[in-house]
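> Residue numbers (this note's numbering), protein chains in the order written: chain V, 320 to 522; chain W, 145 to 822.
Hints are not guaranteed to be accurate.
[As the list claims (entries may be wrong)] To list a few chain W residues with every Cβ distance to chain V over 12 Å, as calculated: (1) A192; (2) N323; (3) T343; (4) L348; (5) E608; (6) K675; (7) R712; (8) E737; (9) G761; (10) S785; (11) A786; (12) K800.
[Unchecked claim] Derived DEER-like restraints, expressed as beta-carbon distance ranges: (13) V:T496 x W:A199: 43 to 49 Å; (14) W:P671 x V:P468: 31 to 37 Å; (15) V:N378 x W:H368: 33 to 39 Å; (16) V:A395 x W:V464: 17 to 23 Å; (17) V:T496 x W:V198: 48 to 54 Å; (18) W:H368 x V:H390: 35 to 41 Å; (19) W:P653 x V:N378: 15 to 21 Å; (20) V:Q352 x W:P261: 34 to 40 Å; (21) V:P354 x W:D338: 21 to 27 Å; (22) V:D371 x W:D338: 52 to 58 Å; (23) W:Y625 x V:D371: 41 to 47 Å; (24) V:A395 x W:D372: 39 to 45 Å.
To be clear, the hints were calculated from the coordinates, so they are not data collected in a lab.
Every residue, glycine too, gets a C-beta built ideally from N, C-alpha and C.
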Amino acid sequence: MKAYTKVLMIVAALSLGLLFMFPMWKIYLKAPQYPEGLELHIWVNKLGGSSDHVLQNFNILNHYIGMEPIHAESFAELEYMPYIVIFFMITGVLVALIGRNKLVLGWSGLLMVGGAVGILDFYLWLVKFGTNLSPEAPIKVPGMTYIPPLLGNKTLLNFDALSLPALGSLGILLGITLSLLVYFLNRSTNPKKQTSKAKHAFV
Amino acid sequence: METLINKLKKAAPKAALLMAVAAGAALQGCSKMGGEGSATAQGLSEDAASAVYVAPGKHDELYSFLSGGFNGQVSVYGLPSGRLLKIIPVFTQHGENGWGYNEETKAMLQTSHGFVPWDDLHHPKLSRTDGQTDGRWLFVNGNNTPRVARIDLKTFETVEIMEIPNSAGNHCSPYPTNNNEYVIAGTRFSVPLDMKGGTKDVALDKYGEEFRGSISFIKIDKEHGDMDLDFQILVPGFDYDLANGGKGPSEDWVFFTTYNSEQAGTLKEVGASQNDKDYLAAVNWKLAAKYAAEGKAREMPANYYHNKLDEGTHVAKSTVKKKVRYLLPEECPGMMYLLPAPKSPHGIDVDPTGEHMVVSGKLASAIPVFSFSKMQDAIKNKQFDGEKNGIPVLKYESVLKGEVKEPGLGPLHTEFDGKGNAYTSMFVSSEVVKWKVNDLQVVDRIPVYYSVGHLMIPGGDTKEPHGKYLVAMNKITKDRYLPTGPELAHSAQLIDISGEKMKLLLDFPTVAEPHYAQAITADKVAPNSTKFYKLDENTHPHAAKKEADASVVREGKNKVRVKMTAIRSHMTPDNIEGIQVGDTVLFHVTNLEQDWDVPHGFAMMGANTAETLIMPGATQTLKWVAKKEGVYPFYCTDFCSALHQEMQGYIRVSPKGSNVPIKFSTGKKKEAPVASAN
């Protein structure tokens, strides 16, 4: 592996640190009586929002439709996800130091799988909260479920919900792209003539 | 074809507007309501509507604070729209939110005379930094039972009320100095002081010998605004009417108008109107503070209340102060002078440069304008015209800059636009008169409807006025609005003073009787406005900060304490049993919400008090005595949510000595403690 790709690989590993600095995902809620909006921020290790009390306010609104209250303690993921991220960061740096291109690809693949699993897990939670409604809910709309959108926007009664990945997810994206770049750069410098192919991949 | 339709569509609203205007004109032409209709039309600026139109959802440029006079409150209006934004209870109980009714705020209305749930609130004054309004606090006076209150402009709530000893008719009050060093309050009614904190039992014909006035100097804590009565000056027994602080060169001085220098104790309308001249009293407050600090002050026993609302607990506490320091002007050379001023002067207003003191003599035919630099010279050259009670009287001519001739009838108050113009209200001739401060020439006048008292220009009493609008506060309303029986709303009028000619923009009804007002640009206040109280910072001794902390505890034979929580859309507990006839039940309701604009109210059937309105994060207490066995409902009074109507509960009252145990719950699942599920 070339020296500069090693640096790039380290950057890929460290870019996952963004997950500790910014939320991964944001759900924006807007309603006529919430002109300022309500934002729920999903971090790798906690739940937060546009204000200190956003969860309480989410839960107050949700209890009318019988949704279970959301508490950070309900998500075991918030406990172990940080370790997974740290694991990726450490192994990423190790991969760079070892300098074997196959390991780079492996790391990349594993991270992609990790990200996909994360998104799937997130979606399953959304479905769980959106459909697992108390039969005693004060407000019952026949046939209505309240699964927030995974990506993009959706109208839920008086609320317009918009769901978007946030800066933290950029860390994962950077990790994947940079490590793939490292992999292809090293592959293209192999004596086997695959330069043009590799270039194609990134034009 | 289509385009033609479009054109028609576009033109239609305009055509409708035209027709409406024409119809309006026709209607006006038909109605012959004496001269008023035409006078209005004459005074009204052509584009007045657009000048005061604040589109739905948009904010006003300024906050204005109008005193409520005999309602003891302050009303907050947006300008230029004239929209009423809030009523702030100060000296008067306010059933709307429980002010003065709930257990937390009762102490705010305590005085040495006991609980006084009303006062006559005349003058709001904004706190100042560098001679400009700083948007931190609003000081107001209680005229009847002398008090000064402080409103915090973060919460728009009265946070402090202090009684003023040795005073009666606290009209000449409260005047902040340019950096909130002091708030100054003078007495309008002189009284015979017993020098022990009360008044003497003396024959009423002993006015001349026995009666004295007082001027109080309330020190303001720079950071928190807390008031402390530093000292008083005991002054001759005149009526001290109004005051105004100096600026720039005159910064160390404060000026007071006085009347009844005749010292009449009866039929004052005649007795106090005999002298051609009364006085403008000039007091060097910096020197007074120095004298007080250097041991010139004596001390006398006193008895006055100082009530403060604690920020963390939201509970008011009263402290009774037992002494007060005072200065005698005859012992403090250079501290106080008297300037002769024509006949029973009312308003005193110092212009933004601090050089001119304008005295509006309500019975005088001209407005005298005094010169501060001439006053300084007269003091230096001892141009005295005798003395009164040991206070030097300056020669009228030696301090006079000149007089505004034939300004109108009944001049009362003057404010300034910062562009060299002064505006004086004319009570008798119902007009506002604009004149130039440098040459004292009248340049414009505009009728107001009717009998204007105070007028206000935002910052018009400070170093830097915001000379765009003027608000005239009129005492008589008559036909300005739809009639509402014998009692009519008072009327304020917004006048555009940005150009050469004054232009009438808007009439708006006001609450009770505004005497004076203050206004400030919204950007100095709005960004600091509290949205809700943080539950974490609530230190109320009986707060229940989560539903699991709710409790009902018998605390003695006849006392039960309920710690209750309120959150959309239920109260915890909402079923209470075990109360007995004769029990006093204290409901401490904590609003658990942590969001903007979600107050909950609490009312109890048969409670001999008002509801209490609880802001998010706060705790308020309603006291109720169970008088008869039965079941009594309580409920949330502020429409908080879609299920507000369901936000209610019951209390069961059993006979005295009954064996029904104390029991409480919310929802069917669990007995006490309840609702830990959320």
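> Quick check: which numbered hints come out false for this structure?
6, 7, 8, 9, 10, 11, 16, 19, 21 and 24
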